[in-house]
Amino acid sequence: MLRRPVLLPAVCTAAALLASSTALASSHREAPFITGMPKVDGTDFYMFNSYESGRDGYVTLIANYLPLQDAYGGPNYFSLDDDAIYEIHIDNDGNAMEDITFQFQFNTERKNATVNVGGTDVPVPLINIGAITANDTSAQNVLESYTVKMITGDRRTGNVQSITNAGSGEDTFAKPVDNIGTKSIADYATYADNFIYDVTLPDCPMPGKVFVGQRQEGFVVNLGEVFDLVALDPLGARDSRNNILDDKNVTSLALEVPADCLTGDNTVVGGWTTASVRQASVINPAPQGSSTTASTDAKGPAVKGGAYTQVSRLGSPLVNEVVIGLPDKDRFNASEPKDDGQFATYVTNPSLPALVNVLFSVPAPETPRNDLVTVFLTGVPGVTQLPTVTPSEMLRLNTGIPATAAGAQVDLGVAGGDFAGFPNGRRPVDDVVDIALTAAEGFLCGADVNGADPGGEIGNCGTQDSQVNGGAIVNDGALPDPAAYLTTFPYLNTPLPGADNVAAAP
Amino acid sequence: MRLLLATTVSLATLGLVACGGDDDNDPPPPRAQATVDYTAFVKTQLATTSDTTDPVSVNNLRFRNQTNSNEDAYNSVLD
Numbered sequence: 015m016l017r018r019p020v021l022l023p024a025v026c027t028a029a030a031l032l033a034s035s036t037a038l039a040s041s042h043r044e045a046p047f048i049t050g051m052p053k054v055d056g057t058d059f060y061m062f063n064s065y066e067s068g069r070d071g072y073v074t075l076i077a078n079y080l081p082l083q084d085a086y087g088g089p090n091y092f093s094l095d096d097d098a099i100y101e102i103h104i105d106n107d108g109n110a111m112e113d114i115t116f117q118f119q120f121n122t123e124r125k126n127a128t129v130n131v132g133g134t135d136v137p138v139p140l141i142n143i144g145a146i147t148a149n150d151t152s153a154q155n156v157l158e159s160y161t162v163k164m165i166t167g168d169r170r171t172g173n174v175q176s177i178t179n180a181g182s183g184e185d186t187f188a189k190p191v192d193n194i195g196t197k198s199i200a201d202y203a204t205y206a207d208n209f210i211y212d213v214t215l216p217d218c219p220m221p222g223k224v225f226v227g228q229r230q231e232g233f234v235v236n237l238g239e240v241f242d243l244v245a246l247d248p249l250g251a252r253d254s255r256n257n258i259l260d261d262k263n264v265t266s267l268a269l270e271v272p273a274d275c276l277t278g279d280n281t282v283v284g285g286w287t288t289a290s291v292r293q294a295s296v297i298n299p300a301p302q303g304s305s306t307t308a309s310t311d312a313k314g315p316a317v318k319g320g321a322y323t324q325v326s327r328l329g330s331p332l333v334n335e336v337v338i339g340l341p342d343k344d345r346f347n348a349s350e351p352k353d354d355g356q357f358a359t360y361v362t363n364p365s366l367p368a369l370v371n372v373l374f375s376v377p378a379p380e381t382p383r384n385d386l387v388t389v390f391l392t393g394v395p396g397v398t399q400l401p402t403v404t405p406s407e408m409l410r411l412n413t414g415i416p417a418t419a420a421g422a423q424v425d426l427g428v429a430g431g432d433f434a435g436f437p438n439g440r441r442p443v444d445d446v447v448d449i450a451l452t453a454a455e456g457f458l459c460g461a462d463v464n465g466a467d468p469g470g471e472i473g474n475c476g477t478q479d480s481q482v483n484g485g486a487i488v489n490d491g492a493l494p495d496p497a498a499y500l501t502t503f504p505y506l507n508t509p510l511p512g513a514d515n516v517a518a519a520p
Numbered sequence: 010m011r012l013l014l015a016t017t018v019s020l021a022t023l024g025l026v027a028c029g030g031d032d033d034n035d036p037p038p039p040r041a042q043a044t045v046d047y048t049a050f051v052k053t054q055l056a057t058t059s060d061t062t063d064p065v066s067v068n069n070l071r072f073r074n075q076t077n078s079n080e081d082a083y084n085s086v087l088d
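Protein sequences appear in the order of chains A and B.
Mind the numbering: the first sequence is residues 15 to 520 in this note's numbering, read in order.
Mind the numbering: the second sequence is residues 10 to 88 in this note's numbering, read in order.
I should point out that these hints are in silico values taken from the structure, not numbers from a laboratory.
C-beta atoms are modelled at their ideal positions from N, C-alpha and C, and glycine is treated no differently.
One or more of the hints may lead you astray.
[Stated by the list, open to error] EDC-like cross-link-like pairs, simulated, lysine to aspartate or glutamate; straight-line CA separation at most 20 Å:
| no. | chain 1 | residue 1 | chain 2 | residue 2 |
| --- | --- | --- | --- | --- |
| 1 | A | K223 | A | E239 |
| 2 | A | K262 | B | E80 |
| 3 | A | K318 | B | E80 |
| 4 | A | K313 | B | D88 |
| 5 | A | K163 | A | D212 |
| 6 | A | K163 | B | D60 |
[Said to hold, decoys possible] Okay, the calculated beta carbon distance ranges per label pair:
| no. | chain 1 | residue 1 | chain 2 | residue 2 | range |
| --- | --- | --- | --- | --- | --- |
| 7 | B | D60 | A | G314 | 41 to 49 Å |
| 8 | B | Q42 | A | S152 | 55 to 63 Å |
| 9 | B | D88 | A | T134 | 24 to 32 Å |
| 10 | A | T501 | B | D60 | 37 to 45 Å |
With the hints as constraints, model all of the structure from the sequences given.
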């Protein structure tokens with residue numbers, strides 16, 4: 015549908031809006047309040063038509079949490095929050111409210127392993143006291159598991175059903191321990207593969223897949239220099255600098271779902287992820303240990319209760335990072351797409367181009383930025399627009415546009431002529447920073463992705479109905495490496511080990 | 010004492026219910042600030058833990074901290 019040798023057309027808009035910033039780390043520590051709650055800090059959300067061989071007709075959803083993990087961060091490493099819920103929401107009719115929610119909830123079991131010291135069994139301080147395999151967790155002192163609920167309708171009051179293991183029928187799944195090092199887990203890639211589950215989805219005739227666990231950070235950005243007043247040449251070579259995140263890990267919640275089980279009346283879906291925690295918390299001045307896991311009979315370091323309260327929200331990349339102004343970042347994280355009218359000014363009158371103008375004397379496109387509104391808030395007509403148009407921020411994917419094979423993907427996505435990439439959904443390899451920066455500087459002004467055919471209109475920038483700044487590819491100098499991603503589910507690479515002891519062993 | 014606490018929490022709950030969300034999950038409209046004891050508020054939230062309710066809006070509450078110097082204020086929820 016829409017295949018044209020066009021270069022950066024429509025969809026880039028989404029990026030553009032986001033682009034209204036100067037700095038980008040998709041959504042890592044992007045708002046003041048969430049910096050104090052890393053376990054529920056959503057960092058990136060991917061949604062794309064699966065490109066693994068034999069998985070045509072499936073959509074992969076990946077929500078990343080817990081940013082900037084240094085692999086050696088022991089002894090506790092990077093467990094998720096048992097008291098939180100992590101959710102992926104799907105809007106398939108365009109009313110900016112969730113029609114389907116996948117809700118992940120975690121449980122941490124502490125075995126309190128001991129060693130005998132002088133005749134006394136003494137609890138050890140480590141999460142493992144020997145090598146670990148998928149089939150032998152006897153040396154593992156801390157184990158995480160999770161459930162996934164599929165909720166139809168409102169996320170809190172809708173119809174709740176469990177996603178179950180397609181083989182065993184169980185509704186609880188194990189999460190692999192983080193990549194402690196090669197002495198604890200000799201072959202982490204093989205170990206982690208054991209935690210990819212075929213699952214039965216309620217009311218869906220085809221099975222899906224689920225995986226939750228640590229992955230290598232897939233987001234690419236020259237973070238330090240970008241935030242240092244864009245201390246680089248934004249019009250230089252796209253590979254002129256380093257990806258500062260290439261030594262970090264992150265925790266991924268990944269689902270693969272048949273497209274037909276996500277869509278409504280057309281092939282477009284909108285998606286976003288949120289995390290919510292209990293509204294009230296009381297810090298315990300005398301925490302008590304637990305024999306197995308956090309339970310009501312042994313109060314831990316905090317007692318939490320009340321309703322689940324949303325503290326993190328992420329759809330399209332970079333929105334809260336560089337589009338939403340500082341006073342509203344925490345509000346955005348607590349908000350829902352249906353209420354996004356309150357943030358409209360940040361899209362129609364983005365601050366990023368103005369900042370770039372100050373720093374580099376590059377003229378900012380005129381406002382209002384209708385180009386950004388289209389891609390970012392309404393979707394592109396005929397491409398990523400849902401049947402009902404409710405201006406709202408979410409990542410939109412047309413499941414009817416075939417996936418591009420891993421080796422043929424263009425990291426500029428639609429802007430590079432690859433309509434299976436951002437902002438038609440988002441794949442791991444999509445260089446959303448460059449796309450966003452480029453769109454912010456006016457690449458999409460007046461564009462029409464469908465040419466003479468109906469639909470595809472992006473919208474003007476004020477009175478400007480053609481590309482501003484000569485259609486320059488504005489970039490951060492950090493280029494994604496296609497070899498740094500898997501070509502099969504869960505697509506994000508094996509996490510970096512905390513230590514690589516095997517090679518150094520005598 | 011236990012009765013007094015229960016009564017306090019119940020009254021606080023009643024007061025807070027009026028400040029809670031409506032049926033369509035929207036936040037309540039602005040209204041005059043109500044004064045609420047912070048400790049009672051927190052205890053009420055803990056006592057009414059639910060997976061299906063919306064959080065209580067606090068923008069129109071004026072919290073009163075009567076127990077700032079009482080390190081035993083939360084003992085009832087920690088025991």
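Any of the earlier hints contradicted here, and which numbers?
1, 2, 7
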